[in-house]
Structure formats: structure tokens, C-alpha cells
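Number of protein chains: 2
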Amino acid sequence: MRETGRDSRTAATAEHLVIAQSCTMAHQCALVSAVMKKRYFDDLKMGDRFKSEPLRVTEKKLIEFAHKFDPQMFHLSRKGAGRTIFKGLIASGWHSAALTMRLFVQTLNFAEGAIGLGVDKLRWPNALRPGDMLTVETKILDARLSRSRPRYGIIRLRNVTTNQRGEVVQTMLASAMVLRRKQQRAKR
Amino acid sequence: MRETGRDSRTAATAEHLVIAQSCTMAHQCALVSAVMKKRYFDDLKMGDRFKSEPLRVTEKKLIEFAHKFDPQMFHLSRKGAGRTIFKGLIASGWHSAALTMRLFVQTLNFAEGAIGLGVDKLRWPNALRPGDMLTVETKILDARLSRSRPRYGIIRLRNVTTNQRGEVVQTMLASAMVLRRKQQRAKR
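Protein chains in written order, with the numbering used here: chain A, 1 to 188; chain B, 189 to 376.
It should be emphasised that the hints constitute simulated quantities derived from the structure, not laboratory data.
Idealized CB from N, CA, C, for every residue including glycine.
Just so you know, nobody snuck in bad clues.
Simulated pairs of lysine-lysine, BS3-like, Cα-Cα distance not exceeding 25 Å:
(1) B:LYS267 to A:LYS182
(2) B:LYS309 to B:LYS239
(3) A:LYS61 to B:LYS256
Chain B is nowhere near these chain A residues, computed Cβ spacing over 12 Å in every case:
(4) PRO54
(5) ILE140
(6) ARG147
Excised from the complex, chain A in its bound form (with noise of 0.2 Å):
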């Protein structure tokens, strides 16, 4: 992965913008990630904020991935959802977060991935339903160079994920390893 070296921010989000309104599948995204501007460790400092495009959650995806990961009865079927104490269809949690994943995967478009180290304050104060529209905000809290690995910078971030009534249906603090430009490991 080469890298120019000019500032490619402002660039790239605004690639981003144009590219992504066509984007409607997960492996789409990925294609349109290859050939958009990558993001490494030194683009970010403390205090950046970032808002990923909107994502819809349907009922089929929903029970799909109920079934497969969290078969509860609040999450597989209409019928079942409404005799309990939610009255209806709710997305199981860690579909709400992987879902934010691929929202931060997607907007922040970083280098060779950003490599998850763990995960604090997984909080779902609203229930994500079928047909919400979701989008995440990322801020980033912290950034420093790693210690043991001088390839990389850490970075702490909070993400927060709202539906399209700006209810808050997911928040939580993570934080991830992210490759560093090789004319910056240089100087170190």
C-alpha cells in the first residue's frame, strides 16, 4: 500500500460522498473501499469526529441474523416480538453492533484495517427496529503511537449510533491498532 503523503482528507471524504450514494451492499462498500483514499494512524488526533453515511435494517436481515446468532424470541418473528415486554421486533444487540462496525469500517476507511483491541461501555439505551435507518458517529478520544509495535498507532474512539429520529440506540468505547505512514515511522 503506497502512499503520497499529501494531506488526503478533504479528498477522500468528498470521494466518499460521491461514491457512496451508489453503495447499497456490504461487498460493494469493500470494492469502493479498495479504490478510495485509505486512512493511516497519522490523519487522526483527539478530537476528530467522523458521521458515517445512513444504513437501512430491515426485517428480513434482522430475524436472518437472530436465527443464526441470538435465536430469542424478541428477535425471530413478528408474532413472538409482540407478546413480549418490547411489543414487537427488536434487532438483537450484536447486530446493532456489528452493523456499526461496518459503518466505521466504511467511513473511516483506514490502511490494512483497524485492528480491534477491546471494546468498553457496550450500551443499548434504545431498541433498533426493522425499517430504522442507522448511522454512527465516531470521535476519536485518543491517539498515541504503539509501544511494542512501532508499525502502528493506537487509537481510542467512542461510537455512537442513532436511528432516523436521533434516538441513541447503541454507544460504546473501543479501542483499535492502525497502521502508521511509512514516511512518519521514519522519522520516529
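Please build the complex by placing chain B on the supplied structure of chain A, with the hints as guidance.
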């Protein structure tokens, strides 16, 4: 959901072992859960431990999950992943979390489900790789009645997910709201 009142833990476990042998797909397991004895808050106490059946993670499913939720190069293809720090395909941490939830739900088999309140200290000490066989061990750390919802109790638990070599691939702490037995609620 009616409850007979007899202590059903031993019976449920034995039944589970028999049925689980022929249980290979998540939706089958959901059906199996429906006929198995359900577990209530009152069946749990601090220090209780549970161990799930094993579950194999195939390369196909690992890649499928990544395309949908975590399209990063160390999750998407064998070739791309070979060039990363992991020197081969690894599962998304959110895939580990989702599979852990499935095993947890199948093993504990809560009446009307476990409503996730939050997760902390979610960590992935070792990579989860294609073909790995996962097992989840659950320890109940605390069990108390809900102050705001008298029909429910709140449990705190630790889930440790290991591979076939006993290496820990995920650890987490979680809190969940679980339904109480009717007669126990009446006694309060």
C-alpha cells in the same frame, strides 16, 4: 409460559446433551430450545457455571460475516489476509461476539430470553481462525432482583470463549435482565 415449579436444571441439562447432538443449524437449535425446559432468574445464583456445546467456524461463514459487517482485508480473503500482520484469515471480533451469544443463548435457554443491558471488557486475546471449534464458558458473577421491574432479575456474568486448543479467543462481562418464575414473584 407456564412453569411447573420442580427443579428442572438437571433434567434440562441431560435433555440438552441428547438433543444438541443432532443440532447443527441455528434455527434448528431455536426450535430445540422451544421444547427444552426454560431457565428463569430464580434458577441462577452467584458462582453457577455453564459450558456450551462446541461450534465450528467455517471459512465460508467467516468471510460471509466480514462482507456483511466488517469488510477489512484480514477478514475478507485468504490471499489478502496472508499479507497482513495476521498472516492469514481471522474472524471479525464481532463475529466471535455473535457466535458467543448464540452458544450462550442455547446453553442457558432463558424463558422469554435474556435482555442485554450492557457489555464491558470485551477482549480478543487470540485470533479466531477458519475451522476453529468454539466453546463458551459462562460464570454467574451476581444475581439480584430488578428494582424497577419486579417481574425480572438482573444477572451479571462473564463469558469466556475458547478454541479447540483451549486458547481464549474472547472474554467479556455482561449484564442481562431475565424473567422470574411467577410463584417467586408472588412471594415477594
